[in-house]
Amino acid sequence: MQTGPERRRVMRVDIPHHLRKGDLEPHFVHLVNLSPLGARVTHLEPWANGLPCAVDLPPSLGVLRLTGRVIWTRLRSTERTLAGDRREHYESGIEFTNLTPAQEKALADVLATLQAAQAAPDRQPSE
Numbered sequence: 154m155q156t157g158p159e160r161r162r163v164m165r166v167d168i169p170h171h172l173r174k175g176d177l178e179p180h181f182v183h184l185v186n187l188s189p190l191g192a193r194v195t196h197l198e199p200w201a202n203g204l205p206c207a208v209d210l211p212p213s214l215g216v217l218r219l220t221g222r223v224i225w226t227r228l229r230s231t232e233r234t235l236a237g238d239r240r241e242h243y244e245s246g247i248e249f250t251n252l253t254p255a256q257e258k259a260l261a262d263v264l265a266t267l268q269a270a271q272a273a274p275d276r277q278p279s280e
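If you're matching positions, the sequence shown starts at 154 in this note's numbering and goes up one per residue.
If you're looking for bench data, these hints aren't it; they were derived computationally from the structure. It is possible that some hints are incorrect.
Listed next, with one range per pair, are the computed distances between beta-carbon atoms [claimed, not checked]: (1) E232 <-> N186: 21 to 27 Å; (2) A236 <-> L267: 46 to 52 Å; (3) A236 <-> F181: 19 to 25 Å; (4) P274 <-> R233: 37 to 43 Å; (5) R193 <-> A236: 27 to 33 Å; (6) N202 <-> L252: 18 to 24 Å; (7) E257 <-> L235: 26 to 32 Å; (8) A236 <-> L190: 36 to 42 Å; (9) L235 <-> A272: 25 to 31 Å; (10) T234 <-> P189: 33 to 39 Å; (11) A207 <-> D262: 14 to 20 Å; (12) E257 <-> H183: 20 to 26 Å.
Even for Gly, the Cβ is constructed at its ideal location relative to N, Cα and C.
Work out the full structure, taking the sequences as your base and the hints as a guide.
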């Protein structure tokens, strides 16, 4: 409920409930691998080929959002929950699209960091 004069510089429009699911809804995924051209992720819902999306890299890799589209999805596995329900796990390939030169540079830096971490000998956690 508004009290007092409107302070917004532009009008805002509410998203109707029936449009809030699907494409507008964030999906939490596990990032499996990453390349200059795309990523492979695992998730709990099937995705349609061609679906536009964005991949937000984990904060430990830097703040970077990469736009793309789903190019394939497959059922990876199924499991039974403790409640007896069936849970499906999917895997999808995402092709990055319309990356800016700054995003391409940031992605190259992330990939170099990941490659260096793979090349380093395994270290035991310090206490």
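Now the hints, each set against the structure:
no.	hint	in the structure
1	E232 <-> N186: 21 to 27 Å	holds (22 Å)
2	A236 <-> L267: 46 to 52 Å	violated (37 Å)
3	A236 <-> F181: 19 to 25 Å	holds (20 Å)
4	P274 <-> R233: 37 to 43 Å	holds (39 Å)
5	R193 <-> A236: 27 to 33 Å	holds (29 Å)
6	N202 <-> L252: 18 to 24 Å	holds (20 Å)
7	E257 <-> L235: 26 to 32 Å	violated (44 Å)
8	A236 <-> L190: 36 to 42 Å	holds (40 Å)
9	L235 <-> A272: 25 to 31 Å	violated (40 Å)
10	T234 <-> P189: 33 to 39 Å	holds (37 Å)
11	A207 <-> D262: 14 to 20 Å	holds (19 Å)
12	E257 <-> H183: 20 to 26 Å	holds (24 Å)
In the structure shown, a violation is registered for the earlier hints numbered 2, 7 and 9, in ascending order.
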